[in-house]
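Each chain, written out:
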Amino acid sequence: MDTTQGGPVMVDDSLTLPQASDAGPRIDCRNIKVFYGEAQAIHDVSISFPDRAVTSLIGPSGCGKSTFLRCLNRMNDTIENCRVEGEILMDGENINDADIDPVLLRSRVGMVFQKPNPFPKSIYDNIAYGPRIHGLANGREDLDAIVEKSLRRAGLWDEVKDRLMAPGTSLSGGQQQRLCIARAIAVQPEVILMDEPCSALDPIATARIEELIDDLRSRYCIVIVTHSMQQAARVSQRTAFFHLGHIVELGETNQIFTNPREKRTEDYITGRYG
Amino acid sequence: MTDTARPSTPATAAAKHLKRRRAADGRFRYYGLSAILVALGALAILVLTIGSQALSAATYNVVRYDITLDPAVIAPDGATRPEDISRNVEGFYSLVRDNLLATFPEAQADRESRRELSDFATRLAVLPTARMVARNPELVGGAITLTAPLNDDLDLYLKGQGVRERKVKAGTVSVGQAGEDGLYALTGAGAFDPLLAALVVATDDLADDASAPGVLLTAGVSTGRLTNITSASARLELLTGQAQDFANARPVARIIVSPEAERTVSDHQIAWTLALKAMGRVDRVLRTTLLTNSDSTYPELAGGLSAIVGSLLTMLVTALVAMPIGILAAVYLEEFAPRNRITEFIEVNINNLAAVPSIVFGLLGAALYINFLGMPRSAPLVGGLVLALMTFPVVIIASRAALKAVPPSVRSGALAVGASQMQTVFHHVVPLAAPGMLTGAILGMARALGETAPLLLIGMVAFVGDVPKGPMDESTVMPVLIFSWSNNAERAWEPLTAALIVILLAFLLLMNGLVVFLRRKYERRW
Numbered sequence: 001m002d003t004t005q006g007g008p009v010m011v012d013d014s015l016t017l018p019q020a021s022d023a024g025p026r027i028d029c030r031n032i033k034v035f036y037g038e039a040q041a042i043h044d045v046s047i048s049f050p051d052r053a054v055t056s057l058i059g060p061s062g063c064g065k066s067t068f069l070r071c072l073n074r075m076n077d078t079i080e081n082c083r084v085e086g087e088i089l090m091d092g093e094n095i096n097d098a099d100i101d102p103v104l105l106r107s108r109v110g111m112v113f114q115k116p117n118p119f120p121k122s123i124y125d126n127i128a129y130g131p132r133i134h135g136l137a138n139g140r141e142d143l144d145a146i147v148e149k150s151l152r153r154a155g156l157w158d159e160v161k162d163r164l165m166a167p168g169t170s171l172s173g174g175q176q177q178r179l180c181i182a183r184a185i186a187v188q189p190e191v192i193l194m195d196e197p198c199s200a201l202d203p204i205a206t207a208r209i210e211e212l213i214d215d216l217r218s219r220y221c222i223v224i225v226t227h228s229m230q231q232a233a234r235v236s237q238r239t240a241f242f243h244l245g246h247i248v249e250l251g252e253t254n255q256i257f258t259n260p261r262e263k264r265t266e267d268y269i270t271g272r273y274g
Numbered sequence: 001m002t003d004t005a006r007p008s009t010p011a012t013a014a015a016k017h018l019k020r021r022r023a024a025d026g027r028f029r030y031y032g033l034s035a036i037l038v039a040l041g042a043l044a045i046l047v048l049t050i051g052s053q054a055l056s057a058a059t060y061n062v063v064r065y066d067i068t069l070d071p072a073v074i075a076p077d078g079a080t081r082p083e084d085i086s087r088n089v090e091g092f093y094s095l096v097r098d099n100l101l102a103t104f105p106e107a108q109a110d111r112e113s114r115r116e117l118s119d120f121a122t123r124l125a126v127l128p129t130a131r132m133v134a135r136n137p138e139l140v141g142g143a144i145t146l147t148a149p150l151n152d153d154l155d156l157y158l159k160g161q162g163v164r165e166r167k168v169k170a171g172t173v174s175v176g177q178a179g180e181d182g183l184y185a186l187t188g189a190g191a192f193d194p195l196l197a198a199l200v201v202a203t204d205d206l207a208d209d210a211s212a213p214g215v216l217l218t219a220g221v222s223t224g225r226l227t228n229i230t231s232a233s234a235r236l237e238l239l240t241g242q243a244q245d246f247a248n249a250r251p252v253a254r255i256i257v258s259p260e261a262e263r264t265v266s267d268h269q270i271a272w273t274l275a276l277k278a279m280g281r282v283d284r285v286l287r288t289t290l291l292t293n294s295d296s297t298y299p300e301l302a303g304g305l306s307a308i309v310g311s312l313l314t315m316l317v318t319a320l321v322a323m324p325i326g327i328l329a330a331v332y333l334e335e336f337a338p339r340n341r342i343t344e345f346i347e348v349n350i351n352n353l354a355a356v357p358s359i360v361f362g363l364l365g366a367a368l369y370i371n372f373l374g375m376p377r378s379a380p381l382v383g384g385l386v387l388a389l390m391t392f393p394v395v396i397i398a399s400r401a402a403l404k405a406v407p408p409s410v411r412s413g414a415l416a417v418g419a420s421q422m423q424t425v426f427h428h429v430v431p432l433a434a435p436g437m438l439t440g441a442i443l444g445m446a447r448a449l450g451e452t453a454p455l456l457l458i459g460m461v462a463f464v465g466d467v468p469k470g471p472m473d474e475s476t477v478m479p480v481l482i483f484s485w486s487n488n489a490e491r492a493w494e495p496l497t498a499a500l501i502v503i504l505l506a507f508l509l510l511m512n513g514l515v516v517f518l519r520r521k522y523e524r525r526w
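Protein sequences, first through last, are from chains R and G.
Position one of the first sequence corresponds to residue 1 (our numbering), numbered consecutively onward.
Position one of the second sequence corresponds to residue 1 (our numbering), numbered consecutively onward.
Mixed in with the good hints there might be a few duds.
To be verified - Covered stretches of chain R, as calculated for chain G (at least 3 residues, CB under 8 Å):
hint	segment
1	31–41
2	115–126
3	130–137
4	176–187
The hints are simulated quantities; they were obtained by calculation from the structure and are not laboratory data.
Note that the Cβ used here is the ideal one computed from N, Cα and C, for glycine as well.
Same shape as in the complex, but just chain R (with noise of 0.2 Å):
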């Protein structure tokens, strides 16, 4: 563990988390309605993200895992006409209220999105935009180590740390996925949100992601959307299966996978249809 050697102590500390209680769920969710103008996108959705764990959320095309997803860090707010309805609450408060700043709660939720969208910009600036607005670093020196124990978290340290001047987007795809997920670590979130980050991305790029989530596990709560059933039986503790809006099954991953209690759901990751 390199990592915990290389940087100022300083720094180390603040990127760790406290201890958690390990059961806590990190997020609850409760009776969730999303309407796109008059749709109804989700009906009534429940569902709690534990702390240090992985959920992934499956389902076919269009079923509302995304938009659901979106919720969690209230990117929904961007979309016009879109109106999201219950409780989210995370540490006790409901982030739909109105006196929560989303700039503040996407500071704490982090997010990936499915195709890599790095920023016009250098690999460092590129992790040091987030720290810089949010004033998470005192100095260059501060900043150079936060740049660096990103990117060492998000495994892409070793291959970039020659040519961190060089544009971000010169990188390869799974590379810029990795950028962009040592992005979203880098403003020291609580919660990384994934919406299918590995769809554009070659196989073995995709198991470099999935490792890298694996390692994420133990210091974050991680939501995944994913529409590859391996990668869910692969990287997640819990899985929810959506249909139509709905959650149809929630579970742990490898009652889902093997065991699964509702008819639509063992269709569904049999291949029967979706």
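Add chain G to chain R, keeping to what the hints say.
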């Protein structure tokens, strides 16, 4: 293989259509190619006509006068202060006139000849020399060479554009004594045969009632009018120089079809011009005054400097007003404003504004800025504000298109790390859209640079002899000066106008080049 035998398979059906599809492809390519050729042809014609016109104005003829700066003339009654000397145009001009009269004493004969000779240089042409002497007063009393542009009509004559003439070489002649009427008899066997032949050709395409063409004969610095031309003899009325110059020389005859009364240059003036040229006192030089002089009523002195400075000042005002307003309005409308009826209404009206004829903006500017706000007429400030009104809808539309082209993934990426909306827009979206926004802004400015109509209405068409020192000074702009010059009657203005058009086009090319440069340099891929 069996498929080919049966004509009804999809493959054979497609093959039947293939030829027609290929033909349609080819036709379309030819249409496109011919459209481009037509456009290129039109461009080539434009460039050739304006370019060839402008080329003749790119150089002009100047005459050297060796004068002595007589203190009694340059600084009479002890007026030796530099400002007195530089203001003493009349004194310098009289030196030039005296020099001309000394060179061509025959002009002393009558008032009309003196006037024709003094037309060679305009009074104001001595101004640069007067200023130079004022800066160096030690020159007073010494001899200097004063250079002044030749009168525009004579300049055109020397360029072969003012008067249609045909040159024929005559044979060797001998010169007799002057007769009682002052005419000399020239004789030489067959010396005038080529001239007679040319005269027949020249008179052929004339109307029957036209007067006979004049013939001038030139040898060295001497020129005379020919009459009674026969194969072996002619009578010479000497205009300038010595009759003996014609002896044993092969003089050049010029057949000038249009009668003297219909010309802007007289026979005498032609004779003197040819003499000055033969003396080597006429130089054809680059017309740098086009860029260093201001407008003038004399074409040989006129330049575009005041209009160029006026245009630059106007563009500065336009840029300072239209670019911030246009770009900020575009950013607000595209990134922050909610989509509702009001913003839709605004959007539609911005598009309408961009389609309003420019002269309407001129009327608006005259009413609003000059009549209501009491700003000065003819000022670059008002012109710039009027053009800004016209330009900023264009800037808004181009900037919005550039902002729309930024992929949403950049916005969501920034929002997801906790950037506020303004940070997202100004740190990520605007930098990516900046080349496109600048392109739109500069193209809008380029359009404004070529605009004439609205500026006419706010009085920028006035004659401006001085270079404006600031945006509140009276001024004109390049396209308006082009318009004014093209309205002038004298022929010399025509090539000058073309030259000014070339300068304007050069500025436009410069701006478009800037656009290309900025795009190349700052366009980023994502």
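We went through each hint and held it up to the structure:
1. 31–41: Answer violated; 0 residues pass the 8 Å Cβ test.
2. 115–126: holds (count 5)
3. 130–137: This one holds; 3 residues, not fewer than the three required, reach chain G with a Cβ under 8 Å.
4. 176–187: holds (count 5)
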